[in-house]
Amino acid sequence: MSYKIIWATPWNVKSAIAKFSLQVVTELRKRGCDVIIFRTETDDGKKIAAIDEESFEVCFWSMKSVLETKHDIIICNFGDNYFFHGSILDDLKDLNLNIVGIFHDAFYCNLMNGWASKRDNQTLFLKNMVENTYNCDCEDFSFWRDFKFMSQNYPLTEFLAASICGAVCHADHYFQRVSDACPGPVKKIPLCMKFGNSSIAKVEEKDIFTLAVIGHANPNKRIEQLLTAIGNDDFLKRHYKLKSIGPVEIEYRNKLEALASKLHLIPPEFTGWISDECLEKSLEDIDVIACLREPILEGGSASLIFAMQSGRPTLVLNHGVYAEVPDNCVFKCNLNDEIKDIQKYLKWIYENYKNALEIASNANLFSKKWNSVEAYVDELMPLIDESILSMPTIKAAKSLGAILSDFGCNTNDQAITRIGAVFDDLFNKNDLSEGK
Amino acid sequence: MKIGLISSCAPFVDGGGRFIVEWLHQVLQENGYNSEIIYIPSFDDPNCMFEQMTAFRLLSFDNYFDRVITFRPPAHIVKHRHKIVWFIHHARSFYDLWGTMYCPVQPDKYWSSFRANLIAADTNALKEARRLYTNSRVVSERLKKYNRLDSKVLYPPVLHPERFLNKCYGDEIVSICRVEHHKRQHILVEAMAHVKSNVKLRICGVGSKSYVQDIKNTIIKYNLGNKVYFENRWISENEKIDFLSNALAHVYLPFYEDSYGYPTIEAAWSRKATITTDDSGGVSEFVINKINGLVVSNNPRDVAEAFDVMYFNKNLAMEFGNNSYERLSDMGISWKNVLSELLQ
Amino acid sequence: MKVLIVTNMVPFVHGGAEELCFHLVKNIREYGHEAEAIKIPFTYEPAERIIEEMVLCKNICLGNADKVIALKFPAYLIPCENKIFWLVHQYRQAYDLWDANQTNIQKDQRGEQIRSFIKNADNIAFKEAKRIFTVSKVISKRLKYYNNIESISLPSPINDPQNFNGKTQASYIFAGGRVNSGKRQFLLIQALKYAKGVNLIIAGPPDNQEEAEKIYKIVEEENVKDRVKIDLRFLSREEYADYVNRSSAVAYLPFDEDSAGYVTMEAFQAKKPVITTTDSGGVLEIVAHNKTGWVVEPNAEELGVAMCDAIMNPKKTLELGEKGRVILDLLGLNWENTIKRLLA
Chain A
1 MSYKIIWATP
11 WNVKSAIAKF
21 SLQVVTELRK
31 RGCDVIIFRT
41 ETDDGKKIAA
51 IDEESFEVCF
61 WSMKSVLETK
71 HDIIICNFGD
81 NYFFHGSILD
91 DLKDLNLNIV
101 GIFHDAFYCN
111 LMNGWASKRD
121 NQTLFLKNMV
131 ENTYNCDCED
141 FSFWRDFKFM
151 SQNYPLTEFL
161 AASICGAVCH
171 ADHYFQRVSD
181 ACPGPVKKIP
191 LCMKFGNSSI
201 AKVEEKDIFT
211 LAVIGHANPN
221 KRIEQLLTAI
231 GNDDFLKRHY
241 KLKSIGPVEI
251 EYRNKLEALA
261 SKLHLIPPEF
271 TGWISDECLE
281 KSLEDIDVIA
291 CLREPILEGG
301 SASLIFAMQS
311 GRPTLVLNHG
321 VYAEVPDNCV
331 FKCNLNDEIK
341 DIQKYLKWIY
351 ENYKNALEIA
361 SNANLFSKKW
371 NSVEAYVDEL
381 MPLIDESILS
391 MPTIKAAKSL
401 GAILSDFGCN
411 TNDQAITRIG
421 AVFDDLFNKN
431 DLSEGK
Chain B
1001 MKIGLISSCA
1011 PFVDGGGRFI
1021 VEWLHQVLQE
1031 NGYNSEIIYI
1041 PSFDDPNCMF
1051 EQMTAFRLLS
1061 FDNYFDRVIT
1071 FRPPAHIVKH
1081 RHKIVWFIHH
1091 ARSFYDLWGT
1101 MYCPVQPDKY
1111 WSSFRANLIA
1121 ADTNALKEAR
1131 RLYTNSRVVS
1141 ERLKKYNRLD
1151 SKVLYPPVLH
1161 PERFLNKCYG
1171 DEIVSICRVE
1181 HHKRQHILVE
1191 AMAHVKSNVK
1201 LRICGVGSKS
1211 YVQDIKNTII
1221 KYNLGNKVYF
1231 ENRWISENEK
1241 IDFLSNALAH
1251 VYLPFYEDSY
1261 GYPTIEAAWS
1271 RKATITTDDS
1281 GGVSEFVINK
1291 INGLVVSNNP
1301 RDVAEAFDVM
1311 YFNKNLAMEF
1321 GNNSYERLSD
1331 MGISWKNVLS
1341 ELLQ
Chain C
2001 MKVLIVTNMV
2011 PFVHGGAEEL
2021 CFHLVKNIRE
2031 YGHEAEAIKI
2041 PFTYEPAERI
2051 IEEMVLCKNI
2061 CLGNADKVIA
2071 LKFPAYLIPC
2081 ENKIFWLVHQ
2091 YRQAYDLWDA
2101 NQTNIQKDQR
2111 GEQIRSFIKN
2121 ADNIAFKEAK
2131 RIFTVSKVIS
2141 KRLKYYNNIE
2151 SISLPSPIND
2161 PQNFNGKTQA
2171 SYIFAGGRVN
2181 SGKRQFLLIQ
2191 ALKYAKGVNL
2201 IIAGPPDNQE
2211 EAEKIYKIVE
2221 EENVKDRVKI
2231 DLRFLSREEY
2241 ADYVNRSSAV
2251 AYLPFDEDSA
2261 GYVTMEAFQA
2271 KKPVITTTDS
2281 GGVLEIVAHN
2291 KTGWVVEPNA
2301 EELGVAMCDA
2311 IMNPKKTLEL
2321 GEKGRVILDL
2331 LGLNWENTIK
2341 RLLA
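Protein sequence lines, in the order shown, are assigned to chains A, B and C. Just so we're aligned, residue 1 is where the first sequence starts under the numbering used here, counting upward by one. Just so we're aligned, residue 1001 is where the second sequence starts under the numbering used here, counting upward by one. Just so we're aligned, residue 2001 is where the third sequence starts under the numbering used here, counting upward by one.
Only chain A is shown next, with the shape it has when bound in the complex (with noise of 0.2 Å):
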């Protein structure tokens, strides 16, 4: 099956997902898909460099656009970010389901509050959104709370999940809601990420092992849980330094390097922002590499992808995607005793290095597999062949619904439940494959 793409996504240099984007489009365009690019970012996003590709068609987002390219699908890049995703949420609603969502993140509440910001009352905007989504009411309703309590509450998932015909998670954790709030099917797929070939970590003798954390640099990567457990552990306090390589804002670099200070370490190293090739060279001075995330506000991590690709020994925290990862590829400590599992895991890899860069290697080949872009497009097409078959009934299904919404029904009226499966009964998906 080929098809003609309208591929939404960010395509800037500092976007992980437009790094997937291109590889996944190079590969549907390999077996036989026209595929055009629609940029997503909004004029704040359009500022950062666009990633240096010329053989795709390129262009920024518009709703004009799409109705003069001739497709036969939108697949679209949901991302947690509004510069990079934000210019196609005013369209969401008039675009009647056509699309089919591949979703980055497990939380979009950071989206959600850029795309409101542009609107005149930003707190009722939310307010509303969560209502609707959430079918509550919200009495003494403040949006932002901590992460994990709104992660949990409400992600916001279910808003773009309902507004489309098929959805691809990169993880099991977020499945569910997506599921649920979507009218076509879902699939899980890992999420899939080539890196250049890497260096091979050399077990020499080393009196220091360089432990690189990697991504924008906040609370979310537990780097002031690695450096107090470095900072408790006299022997991790001798052979230990953290570097930190990616973004960082001025305030939080000062406050890990008090807390460094504090705890007597060797102070860490911030390169800021670099990009994938010096992130790639870099790796010959890193030993270890702490993948470790909590509150779980991702789908797929690239990181860790990245991390298993590099033939480091990598720490995570057991939830999350992390979870999914076979126990002999990587170092997993449980949140509720990450301190004492990070000492664990850092002091038994640098006593066992050799060791540890087996387990490493069976990372690399693990992933090899796991993320490849080839098995990510293997899963896409039977999934984007099934959103299409799924959209004439979910487009049937959502007028009825909202004749209901009009008369005053909620959404889980029972007139709605009845009448759900009175249409379900008629448009058996069962029988499709006999009508082909």
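What the hints contain is simulated information worked out from the structure, not anything from laboratory work. Incorrect hints may have been included.
List of simulated lysine-lysine pairs, BS3-like, C-alpha gap at most 27 Å [as the list claims (entries may be wrong)]:
1) B/Lys1002 x A/Lys187
2) B/Lys1002 x B/Lys1209
3) A/Lys398 x B/Lys1109
Partial list, derived from the structure: chain B residues whose beta carbon lies under 10 Å from chain A [as the list claims (entries may be wrong)]:
4) Gly1032
5) Phe1050
6) Lys1079
7) Ser1113
8) Leu1118
9) Asn1124
10) Gly1170
11) Arg1202
12) Ile1219
Anything over 12 Å on all C-beta distances counts as not near chain C; from chain A, calculated [claimed, not checked]:
13) Val35
14) Ala181
15) Lys262
16) Phe407
17) Asn410
Backbone N, C-alpha and C fix where the C-beta goes; we use that ideal spot for every residue, glycine too.
Given chain A, put chains B and C in place with the hints provided.
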């Protein structure tokens, strides 16, 4: 037994789809049954097709009728504990006309998927029928091909056929139906320009202004005013009976029609043969060449020859005419048969 | 112009409300347009089912009509351009009959929800209409009160005014129309003991056998068999008109009727005054005491006195009858005017 006759209707359009329902209703009443016609409007727009099907599906008839008989789509979608489907045609744009110039949508991925869903839903609904009938072999073949369903052909009779008479085999070939391009009266007129005998042609019926005018112009063009009688008006039942009773033969050559057409049956009751063409579709289910009529190519000269053959061989016209009459019972085209099938 | 009339039907039930639809179609055709009636089956038990009925109507597609005249809930929910309401019925059990505790909608939270669904659906439909007419002032008032919608009352005309030519007076009071407890014909039987010398004819279809039995029983109880003629069946127009034409006066006392009623208007057409009660609702829109008839309290004694007056004072009765006709003529209710207004 309370019987519901459920069909769709296109407001302001009469036609074959209504006769089958209304005549059955009358016959049922005459035979002492309690029947009621329910017409629900439907409109041929793919963009609201599934919504309309949902409307039919939501109708509730279990409390009113012991059984329902459905006719024109999407009436077959209704749910009832004892549903009998007398299927007269599919939503042809998405079936046999898919991908042709007659299909109003592009066969792209979306509409292909729409089609798959439609066929699946139709099949679902048809499977629910206790018994599945069609009005012609063509329709049965399509049900088999596209929905993989077996069906029985139940030929629709005309109302009170005993009204039709045979008085004599005169010198007129008669055509009585709507005057439209797909009924192809223009071939009949052109044929008359080539006849060698003194045969006459009587065309009766009303139709679209432009086509009617074309016919009139063609009659004038070939100077056929004294051979072709164009009764461009609504013909009463009695007039129809009269014209057929005195006809030499009957002609009916629509373009690929699914069913044999009521005119063919009316002629048969009058013991008149029907002349038709090999591209008329369902008419050939009734008319067998040189047995109870003539089946020729749609070339006006061949049609003319058929007219002449009938004129020069009145005994043949009589033989074919009588065979037509016999064929009615051979094919079970009778209300007795219809009732025994539908009411079992 | 192609005009579609949309209304409801209940399988196997054919009655007064259908008459309006039939005559509307007939008269629109006589006026020179194409007209067709669409009748959607309506099931309202249990009340929860009404939601499905509303949804299915909203999914029906009418296709191309120049004007659509909608008469009843829920058929008037069918979406279309150029919709004109000529409102015969809302679903009163969600509105005034709910308030009067005469509803099939359960009086609990769910019932309130169902009511609000109906109201919301109604309000959307009314707002989409091009024009809103109703068949009576009472219906307009209710529409304003419950839905805050303005409308124009346009009563339906008598279908066959030529039948009501009013002959000589015999000395009987005629009570026509449907026979049931709500129409209160029994009161007239009870009134006879206060109306010496007065004869009464009650003729019309009883709602069911029970209602018929009730009437016979009261005649027995009152022992007035010799003064009452009971003719309980569906009368032909000629039979009915004959009863009216030869009466002295017509008695019509329904409880809180929606409109003046055909019985009242037909009486006036025949120049017969009307005996009615203070609580007969719309009837009082045209019947006034001692002007065009008698309006008395709904008890046997006062009715008896009125009936006596009608029979014993033939001159007065004639005068009131003439005035009644004048009032009727002033209303200008005929089909030509009605159709002009509807299709304007």
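- Hints the structure fails to honour: 1, 2, 4, 10, 11, 12, 16 and 17
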